[in-house]
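Asks: With the hints as constraints, model all of the structure from the sequences given.
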Amino acid sequence: MSYLNASNMTGGYGKADILHDCTLTVEKGEIAVIVGPNGAGKSTAMKAVFGMLGLREGKVTLDGQDITGLSPQDRVKKGMGFVPQVNNVFPTMTVEENLEMGAFIRDDDFRGTMDQVFDLFPILKEKRRQNAGELSGGQRQQVAVGRALMTQPKLLMLDEPTAGVSPIVMDELFDRIIEVARSGISILMVEQNARQALEIADKGYVLVQGANKYTDTGEALLADPEVRRTFLGG
Amino acid sequence: MELINALVAVTNYVIIPATAYGAQLALGALGVTLIYSILRFSNFAHGDTMAFGTGVVILITWGFQAMGISFGPLPTALLALPFGIAVTAALMLGTDKVVYQYYRKVRAAPVVMVMVSVGVMFVMNALTRFLIGVDQINFDDGTRFVINARQWRDMTGLHEPLTLRSTQVITVVTAIITVAALFWFLGKTRTGKSMRAFSDNEDLALLSGIDPNKVVAVTWIITGALATIAGTLYGLDKSFKAFTYFQLLLPIFASAIVGGIGNPVGAIAGGFVISFSEVGLTYAWKKVATYLVPSWEPDGLVQLLSTDYKYAVSFTILILVLIFKPTGLFKGKIV
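Chains as they are written, first to last, in numbering that gives the first Met the number 0: chain A, 0 to 233; chain B, 0 to 334.
In case anyone wonders, no lab produced these hints; they're calculated from the structure. Wrong hints could be hidden among the right ones.
Calculated lysine-lysine pairs in the PhoX-like style (CA-CA distance at most 20 Å, straight line) [claimed, not checked]: (1) A:Lys77 to A:Lys153; (2) A:Lys76 to B:Lys187; (3) B:Lys213 to B:Lys104; (4) B:Lys187 to A:Lys126; (5) A:Lys27 to A:Lys153; (6) A:Lys126 to A:Lys76.
Replies: Okay, here's the thing in structure tokens:
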């Protein structure tokens, strides 16, 4: 059984379903990437895993435990971390306060975790007294990821972490994400930059119209001529 | 010498009263801005919350006076203040439970919330009148002056009098303590930070496990405290009359918006902008003018606006800010 097992998810926001029998699994310490065309339901699939969307069918298990009925907040307590695509920081609070708020559900001393985040993103340590809203796009994404790491999640979910950042910053963010995965945290990520994301992915999901179209290792998907032609632009 | 006399006159008639009034407006505006940034609506009931809180303080003050308790040279009302805050905070929590909670649950639009608060305003308005009546009430029983006109003359030998009333000093000192405590709370404590986080980004705050019910409850308690303190200080400084507090709503909102609604620092700055404009524009400058230009005999009072129009000042500033700088002096947020 995989660490995260979201199987046969079917559901949507209103009456019409967006997800159709969609299955996503992530192993421990693995990077899984969801790619696909616009409107394929990538972010919706991620939200369904996180409990922000009601499912008509299917179930989600984490570490063998059924969490299908839990609210997002309770899933955070179970070890999920979520970084939304936009509005993912507290803009008028300092970087340090952002991280503190990330650790809000923790009653123990989180100084150690904060130091780990500062080790991972040294620029944040430098700017820790600055408001998150005054940082550059890439730095803000680092704050957002750092905030989610403060609960010491076992599974980190990232919704387009590189949206709107320069290619150099994107490479750097991907490096950091690999580093996070090496520390044993599973990663589930939605990405627009499909090629670069699949390069670092252990597992790739190509979603089309809310259903699994191709599932394979990142490498294999990159090598698949069909996937290359239809989704990666040749 | 004439220059000094002119300065004394300005201090006596403009700077001192405007500072005290500004501090009262700032405390009121802080309450409005807190509700706006955390519960996301303009609370029209704030003026009447101030009236209610002050009414309770007055009743308790009378109780203390009947029991023979006094606070030495300070007004007894300061002793009654904590009790008044407790009662007002309880009323806020009750109102939230009975009224606002439902509209939050159905995710009502901000403008609906404003209308709801207008309804609450009418009810609270009536409640205050039932409680304490409609008459003007003076409840300041402390020492009246820190410096009176005669002492000033003996001290300085200046022709122009200057008086400093104790309520003015109490207002400013209490306001400074209150604001310092509020900023410490919002900036340093876990609950305060969670309130700022909730105001900044509600969804992310919920994701981080911040309890919205606790944030809302604490916000109402603080708002009740700020309203009671502001209302009591205003009542001590001038006098208490339920209707005046309803009218105060305009300068209070003007203060919050001029400073940048949702921004606590802005609310304080806005309070002083409004109070100095109001007092400065309605003051008869004739005396100062004759000190400065002895040869000039002005025909009128050299008063830009009659005091009857003092609310027009807030209103004009409010309109100008909304047209030319809607986010206010300090960057606030517009929902």
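Asks: Hey, Lys126 of chain A versus Lys76 of chain A, does the alpha-carbon distance stay inside 20 Å?
Replies: violated (28 Å)
Asks: What's the verdict on Lys76 of chain A and Lys187 of chain B, does the C-alpha distance respect the 20 Å limit or exceed it?
Replies: Judged against 20 Å, a Cα distance of about 25 Å means the pair is violated.
Asks: Taking only the CA atoms, is the gap from Lys213 of chain B to Lys104 of chain B under or equal to 20 Å?
Replies: holds (15 Å)
Asks: Does Lys126 of chain A sit within 20 Å of Lys187 of chain B, going by the straight-line distance between their CA atoms?
Replies: holds (19 Å)
Asks: Below or equal to 20 Å on CA atoms is what counts here, so check Lys77 of chain A against Lys153 of chain A.
Replies: holds (9 Å)
Asks: Could you grab the alpha-carbon distance between Lys27 of chain A and Lys153 of chain A and see if it respects the 20 Å cut-off?
Replies: holds (8 Å)
The structure fails hints 2, 6 (numbered hints given earlier, in ascending order).
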